[in-house]
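Visitor: Listed here are the chains, written in short residue letters.
2 protein chains.
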Amino acid sequence: MSRSERYAAIDLGGTKVRAIVADLDGQIYGEDIRLSRASEGLAATTDTMVACLEAACVAAGVNTADIKGLGIASPGAVDAYNGVVPEAPQLPGWRDVPIVEIMSKRLGVPVWLENDANAAALGENRFGAGKGAKNMLYMTVSTGVGGGIIIDGDLYRGTRGAAGELGHMIIDYDGPPCGCGGNGCLESLISGTAIAKEGERLIDAGKAPELTKLRDAEGAVTAEMMNRAVKAGDEAVAEYADRVGMYLGVALASYVNIFNPSVIVIGGGVSQSGEMFMDQAVATMKRKAMRAPLADVTVKLGQLQDRAGTLGMIARLKAAVEDGD
Amino acid sequence: MSRSERYAAIDLGGTKVRAIVADLDGQIYGEDIRLSRASEGLAATTDTMVACLEAACVAAGVNTADIKGLGIASPGAVDAYNGVVPEAPQLPGWRDVPIVEIMSKRLGVPVWLENDANAAALGENRFGAGKGAKNMLYMTVSTGVGGGIIIDGDLYRGTRGAAGELGHMIIDYDGPPCGCGGNGCLESLISGTAIAKEGERLIDAGKAPELTKLRDAEGAVTAEMMNRAVKAGDEAVAEYADRVGMYLGVALASYVNIFNPSVIVIGGGVSQSGEMFMDQAVATMKRKAMRAPLADVTVKLGQLQDRAGTLGMIARLKAAVEDGD
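Chains as they are written, first to last, in the numbering used here: chain A, 2 to 326; chain B, 2 to 326.
Some clues are possibly wrong.
Stated by the list, open to error - A few chain B residues facing chain A, derived, Cβ under 7 Å:
id, residue
1, A78
2, Y82
3, G159
4, R161
5, A164
6, E166
7, H169
8, Y174
9, P177
10, F260
11, S263
12, M291
13, L302
14, L305
15, Q306
No wet-lab data here; the hints were simulated from the structure.
Cβ atoms here follow ideal geometry from the backbone N, Cα and C, with glycine treated the same way.
Use the sequences and the hints to build the structure in full.
Guide: Laid out in structure tokens, this is it:
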């Protein structure tokens, strides 16, 4: 492989598509972001992916035909081994889509696929907050709560590639219903959706004057808005944020006991508003985890933000090129 | 390595010590079991281990000096990398004991060490219910709840060898205190100790006539005794057993979502009374786990019973001999 060779990665989301052109060291030469048109179905979405990639190539000053390989990070229970997206709530109409075959035919390049949270875990492990960690967990807290497991420096995928659903550990066996069909999962308690819902409830109950002002001025409640309301003095929101931190800390303690990792990286949009709950999360973890594995672990916020997935797919391509993997 | 060569393994417990002499295929030629004298401290316990091993050698018709290697399964947060037992509640007075050095000096053979639940996981993976499974979890339900994680056919130990504490996943963030210092861990809810305590409570509350008769005739309540009381018609005990099954099933669902394993093996003394709760555990797991990883998993009872640890250490020796590991 030559250092001057260019690779590409696409992070496909329900709302947005991001494409980058980079070398295998993670240096980015071009990037494009656009709406994914996921609601218009498969053909519209794959068209968008191709257009997004082409725009990133233009930005990088290369021909699409010169790209040596493409990595796709997709939501859903991705079958990474066979390059298929069986289904994903964010991609309506997708059912057993052989996206690797579709894109490699359209673009004439070899294509690799991973679940988006797994890709982001790889990204943070190779280029971000968990750089070089042998045993690392990655949790992404955004609309939902996803995860990825790095074992011995490589992605752990499990029997069919469905491993790493770190948001679907049950921390309250009697807890609220979860989108996965279970109940009391971490995701049901700390997802952006769950947090915003509680914000709305506090407004309706007349307990969050600052949050009410922000909502009235800016529209729908978000975790980021609640973070500002806490700073502005909303006590009920601060108390709730503490509870979110406690929930996350309980999960972190369990993951410390189970995996004895050296690093846990927390990424995703909601974690960027983590000021209001991260201290409580780490304090709770320290109170509840076992002494021996606790001594090994550091909890860090992700460093790559919205590029974790695409950079993770560049890391995936690098492994493929180097190991023929 | 020759097929006729003999290896040995010791499973050290707070109450009993077991030694076997076997070949690397797991064929057992001699065995001895005796009280561990753990309460008398380190010297008494190591003397017992040597005497137990020598008796197993006599039973196998070999000289202790002809043993090619010894594997020790020990309770506690074992440092497998350095051959040290930092501490273990079952081994009073043990503090940073270099058991590998001690035993290899006394016996003149190379010695390997693992945590007992990790050893049992290896045993069931090589010779038992999870034979050949690439990704397997092992849970042992006895006085406490331990575990072991097999990834890619090998033991996953984590950063310092403390990984696999599958009994210390928190399934009720508001649950009862646990021996680990946390609260609401699976162990705090389904260990043999927790189960027997609830049995005593049901007797005191006058709700378990059959269990009362058994306790009066045989002494302290055990899970095994409660299993018989359920069969004899104690409804309150049956209801409680259902709750134990629900707790275990919640943990199984989470482990399915996290690891996407092909097999989960449940071993340990209490699991041998699992009739009263295993159906409920599997039903709960099926109700709460995610669809994709659920399709891959089989839950099995352990096959090796009290020999899982020693046979696991034979598997460990085999890996050491074959890979120079």
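Visitor: So, as I understand it, the hint says M291 (chain B) touches chain A; can you test that by seeing if any CB pair is closer than 7 Å?
Guide: holds, 5 Å
Visitor: Going by Cβ atoms only, is S263 (chain B) closer than 7 Å to chain A?
Guide: Holds. Min distance 5 Å.
Visitor: Tell me if the interface restraint on Q306 (chain B) is satisfied: Cβ within less than 7 Å of some Cβ in chain A.
Guide: violated, 25 Å
Visitor: Hint validation: Y174 (chain B) versus chain A, beta carbon distance must be below 7 Å. Holds or violated?
Guide: Given a least distance of 4 Å, the restraint on Y174 (chain B) holds.
Visitor: Is the shortest C-beta separation between P177 (chain B) and chain A less than 7 Å?
Guide: violated, 13 Å
Visitor: Does the interface hint hold: is F260 (chain B) within less than 7 Å of chain A, judged Cβ to Cβ?
Guide: Since the shortest Cβ distance to chain A is 6 Å, the answer is holds.
Visitor: Holds or violated: is the Cβ of A164 (chain B) closer than 7 Å to a Cβ in chain A?
Guide: Result: holds, 4 Å to nearest chain A Cβ.
Visitor: With 7 Å as the cut and Cβ atoms as the points, is L305 (chain B) at the interface with chain A?
Guide: This hint is violated: L305 (chain B) lies away from chain A, its Cβ roughly 23 Å from the closest one there, beyond 7 Å.
Visitor: Does the interface hint hold: is R161 (chain B) within less than 7 Å of chain A, judged Cβ to Cβ?
Guide: holds, 6 Å
Visitor: With 7 Å as the cut and Cβ atoms as the points, is Y82 (chain B) at the interface with chain A?
Guide: It is violated, given that the least Cβ distance between Y82 (chain B) and chain A is near 12 Å, above 7 Å.
Visitor: Given H169 (chain B) as an interface hint, is its Cβ closer than 7 Å to any Cβ of chain A?
Guide: holds, 4 Å
Visitor: Tell me if the interface restraint on A78 (chain B) is satisfied: Cβ within less than 7 Å of some Cβ in chain A.
Guide: This interface hint holds because 4 Å falls under the 7 Å limit.
The structure is inconsistent with the numbered hints 2, 9, 13, 14, 15, although it conforms to all the rest.
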